[in-house]
Each structure stands twice: as C-alpha cells, then as structure tokens.
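Chemist: Here are the chains, one letter per residue:
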Amino acid sequence: MIVTFRNVWKTYGRDVVLERLNLEVQAGEFITIVGASGCGKTTFLRMLLGEETASRGDMLLEGAPMPSEPGPDRGVVFQKYSVFPHLNALDNVLVAEEFARARLTGRLFGRVRQRARAKALEMLEAVGLTHAVKKYPHELSGGMQQRLAIAQALMKNPKILLLDEPFGALDPGIRRDMHALILDLWRRRRLTIFMVTHDLKEGFYLGTRLLVFDKVRHDPQAPNAYGANITYDIPVGRVEPEVLEEIRDQTGLPVAGEAGFRG
Amino acid sequence: MKRLVNQHPPRTIGYLLGLLPFVLLLLAYVAASAARLAENPNDPLLPSLGTMFETFWRLATEPSRRTGELVLWVDTAASLTRLALGVGISMLMGLVVGILAGLIPYAGRTLSPLITAVAMIPPLAVLPILFITFGVGELAKVVLIVFGIAPFIIRDVQQRVEELPTEQLIKAQTLGASSWLIVLRVVLPQVFPRLLDATRLALGAAWLFLIASEAIAATEGLGYRIFLVRRFMDMATILPYVVWITLLAFLFDLLLRLANRWLFPWYGGRR
Numbered sequence: 001m002i003v004t005f006r007n008v009w010k011t012y013g014r015d016v017v018l019e020r021l022n023l024e025v026q027a028g029e030f031i032t033i034v035g036a037s038g039c040g041k042t043t044f045l046r047m048l049l050g051e052e053t054a055s056r057g058d059m060l061l062e063g064a065p066m067p068s069e070p071g072p073d074r075g076v077v078f079q080k081y082s083v084f085p086h087l088n089a090l091d092n093v094l095v096a097e098e099f100a101r102a103r104l105t106g107r108l109f110g111r112v113r114q115r116a117r118a119k120a121l122e123m124l125e126a127v128g129l130t131h132a133v134k135k136y137p138h139e140l141s142g143g144m145q146q147r148l149a150i151a152q153a154l155m156k157n158p159k160i161l162l163l164d165e166p167f168g169a170l171d172p173g174i175r176r177d178m179h180a181l182i183l184d185l186w187r188r189r190r191l192t193i194f195m196v197t198h199d200l201k202e203g204f205y206l207g208t209r210l211l212v213f214d215k216v217r218h219d220p221q222a223p224n225a226y227g228a229n230i231t232y233d234i235p236v237g238r239v240e241p242e243v244l245e246e247i248r249d250q251t252g253l254p255v256a257g258e259a260g261f262r263g
Numbered sequence: 264m265k266r267l268v269n270q271h272p273p274r275t276i277g278y279l280l281g282l283l284p285f286v287l288l289l290l291a292y293v294a295a296s297a298a299r300l301a302e303n304p305n306d307p308l309l310p311s312l313g314t315m316f317e318t319f320w321r322l323a324t325e326p327s328r329r330t331g332e333l334v335l336w337v338d339t340a341a342s343l344t345r346l347a348l349g350v351g352i353s354m355l356m357g358l359v360v361g362i363l364a365g366l367i368p369y370a371g372r373t374l375s376p377l378i379t380a381v382a383m384i385p386p387l388a389v390l391p392i393l394f395i396t397f398g399v400g401e402l403a404k405v406v407l408i409v410f411g412i413a414p415f416i417i418r419d420v421q422q423r424v425e426e427l428p429t430e431q432l433i434k435a436q437t438l439g440a441s442s443w444l445i446v447l448r449v450v451l452p453q454v455f456p457r458l459l460d461a462t463r464l465a466l467g468a469a470w471l472f473l474i475a476s477e478a479i480a481a482t483e484g485l486g487y488r489i490f491l492v493r494r495f496m497d498m499a500t501i502l503p504y505v506v507w508i509t510l511l512a513f514l515f516d517l518l519l520r521l522a523n524r525w526l527f528p529w530y531g532g533r534r
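In order, the protein sequence lines correspond to chains A and B.
Oh and the first sequence: position 222 is 222 in this note's numbering, straight run, nothing missing.
To convert, take the position in the second sequence, counting from 1, and add 263; that gives this note's numbering.
There is no bait here: all hints are sound.
Derived DMTMM-like pairs: lysine to aspartate or glutamate, alpha-carbon spacing no greater than 25 Å straight-line:
hint : chain 1 : residue 1 : chain 2 : residue 2
1    : A       : LYS159    : B       : GLU430
2    : A       : LYS156    : A       : ASP73
3    : A       : LYS156    : B       : GLU430
4    : A       : LYS134    : B       : GLU430
Just so you know, these hints were derived from the structure itself, not from any lab.
In isolation and in its complexed conformation, chain A is listed as follows (with noise of 0.2 Å):
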C-alpha cells in the first residue's frame, strides 16, 4: 500500500471537516476525487500534501507515517500559482535539481548544471513545451502554465502525485488535451496520482478509481457537527450510469457533456 488512511478524522475545534476516513490506495492507481464544495475534499488533499495533519487516526505513506510537512516525495499542482513568476519555464523546472543538489547557493554551475539542464528539457518536452523554454509563465497561457507545472512537479518522481482542480480553469479543448497527457504520462511513468475535480466526467473517464466525498450524516442545527466520508469508492472502468445518476444527484456537480464517458 502506497497511502494508508484508518479511521483518520480531521477536526477544527467544534467542526468536525472528515470522520472516521478509511482508504487503502496502491502503487499505480489514478484516483479521482469528486464530491460538493465544502465537503473537505481540498483538506483531504491537503492532509496527504503534509500541509494540514490528521486530528485522529493514522495517515500511513508506504508504511510510515505521513511526514507533517510537505516534501520532495509527494508532488503537486495547484488549479494557479503553481510556478514562479520570476523564472523562465526552463529555471521553473531546473530550479527542482538546484534545490536538492545546491543546498546552499540555489545554483548549479558547470557541468553539473548542464547535466541538470538536460533533464529539465527532456521534462519540458515531455509535457510538450520545447518551443517556450525561454518564456516567463505570464506569456504562457494557462493550459501551458499547467503543463509547466507538471514538467516541475514530475522532476522529482514523486512517491505520489497530487492534482488540487489542475484543470479547472481551463478552457473545454485544451483541458482534453490536457487529460491526455496526464494519462499518457501516467502510464508512462507509473505514477499514483490522486486528483480532486469538480467535473464530474473528469472524475469519470481519466482515474482508475473514483472517490466520493460527502457528509453521511446531518443535523440541521449545527451544519459543522458531522464530517464528509467517502461514500462512493469505485473502479472506474465499472460505473453504471444509474450510479452516475445517483453521485450526480448527490453531490450536485454537473456532468459536463453527458454521454462519452467511459462507463
């Protein structure tokens, strides 16, 4: 098991975000994560990023516990800011060597620099950004800026992937390209990735396995008592569009583009 959740909660004060969390997730799986606004699916991303930490129960990464900050082994893609402005889209990327390899100055010079740079551009032509290896991330649109931030997010290889929304703000065209390319470097490079969309399709045609979040249990009085648990927990090879119907009614997303899907 790659990541390991038992009987975790996460608690502000009185407001209980997730309860009673259990989840077992393997090596290689593509684990999309839908579910309504507020119902602690960022929280749930951010406690496996080591940004927020677990209130009660185990979050386990390969056996060990979660390390409680973020770091080289889990990687990450926000839906904006994923980049530094002030760098070029090769020092985006490059940058990720020079920090492990010069702990002191940032910088790598001479051959080990060019050794890095290699990387980097074979990074960038991954995700297919060979023509703007000189650009600044405000000349580069925002499809653009994603592939940018994935190149920067894979030169780790990372026990596991995040994704928080990476295409939310994307236009309908260029976020198919996009998924393309998230499966196609997926399956290239074994990765485990966990992403949350507020797209129902999304959820539906690029994962292996679609998570659910949603509260159970409701009072009226005190929204905030009970916590989101994950309630559908689905191979996505094997969705019955009733189920689809049923999610959809549930966590009252939209399904962008009805049929196609990969049901």
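On the provided structure of chain A, position chain B as indicated by the hints.
Modeler: Chain B alone, transformed into the frame defined by chain A:
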C-alpha cells in the same frame, strides 16, 4: 460631443498640456520678479533668472573665497553620501527583517509589534535623542533617515512576502527546497522589485529627514546651505538649490524605475 470622461488628448497635446503649468508658473515668476526689480534693483526676494543662474554657476565652478572649495559639489557630495548611506542601510534592513518577519512565523510574531510601534514614532521627535546619543556628526543624520524610512520599507517587504501565494511556498517544498533555499530562490527575487518600489516611495521622506537634520547641525550639505543663506534672504542661492534638489530626487526616482524594468522583466507583465 463625447462626455468629458471619454475625451483623451492626443499624444503631443498631452505632453504640451503637462508642460503648460510649468511654463505658466515660470512666466508668473518672471513677471513678478521683473515688477519688483523695477522698483528696487537690489531686492533679494525675487531675483531674476539671470541672477539665479549666475549665482548657481559661481557656486558650481568658482572655489569659495573662504574655504577654496566648490561649494555646490561639496554640498551635493555630503548630502548624497548621507542619503545613500541612510537609504542603503534601510533597504538592507527592509530585506532582512521584512523577509524574516514575513516568512518565518516565529520571527513574525516577535518582530511585527515592534516594527509597528517604531513606525508610529515621529522621526523628527527623536532627532534630539539622536544628536545627544550619536553627536552632531554624520552618524546621527544617517540614523535619522534610517529611523524615518526603514520601518516603512520593512513593512512593505513583509507585506509582499505575506502576499506570496501559499501555493508557491508549498510547491517549492515539494521540490525539495529548505527554508533557506525558499528565501534565496523564491522569496528574495520576487521581493526585490517591490523593495525598489518601496524605496522609491520612501525617497521623498528620506530627503525630508536629510534636509531637516542638515538644517539643525552640519557644516556642509544642500540642506545646510539653504538654511545658512536664509539669514541673508539669499533667494538667488536658495531657489536654484531647491531646483537642484528636485532634479536629483527626480533622477533617483527615474533610475529606480528603470532598474526595475531592466532587472525584472517578469515584474510588470505579471500584473
């Protein structure tokens, strides 16, 4: 007829319009000066442009009879040295303290209240303390400038650091950066243009404190000179000096703006 809010002057007209108030002011001065001088050719209050230019030229090119120095350049060098020291030290403090307070939670909790409190103290009120503590030499003047502008620069830098999206700091950590490398590669370069901006805004205050301290205790300097000749109502020296100071201030402002554009091409485009 379009609404006034929608009417834009063409480029050349725009420049001419900008120039117009200056020309009018100059004309008004020349007229007033001519009228006064017609009554009394020795009137010192509104000297003619020619007299002012002659005085300025003399101060810039002829050695002073008393000390043998070129007064204008001695004054300029003394003032600029103090200004550069004060502003330079403030910038350095701004960077170090601002980044520490903005990025490291423990440092922020420790330093923020102090910085806020110090920023509240009117700098001129502590000038006597500075003169008593550091003497009437250069140090007190430099410290006054630092005291006056460093808190402002520190707070601006700190705010900029706190405004950096959390996503960037997290991203850097997932790429393996230590706290030190986050400062060096992520925070410092992004804060630098903001530091130059803050310095630009603080320069006006820096000049104020410089001239104030020179007026009170100095033996040379631009502020010292205008307050010295005030006794003789020597407007022919004061007015050109004020223009000269304004010109210098304008030049530094321009320089900092250009530096920002050249050194940080990503900065403007981000907005």
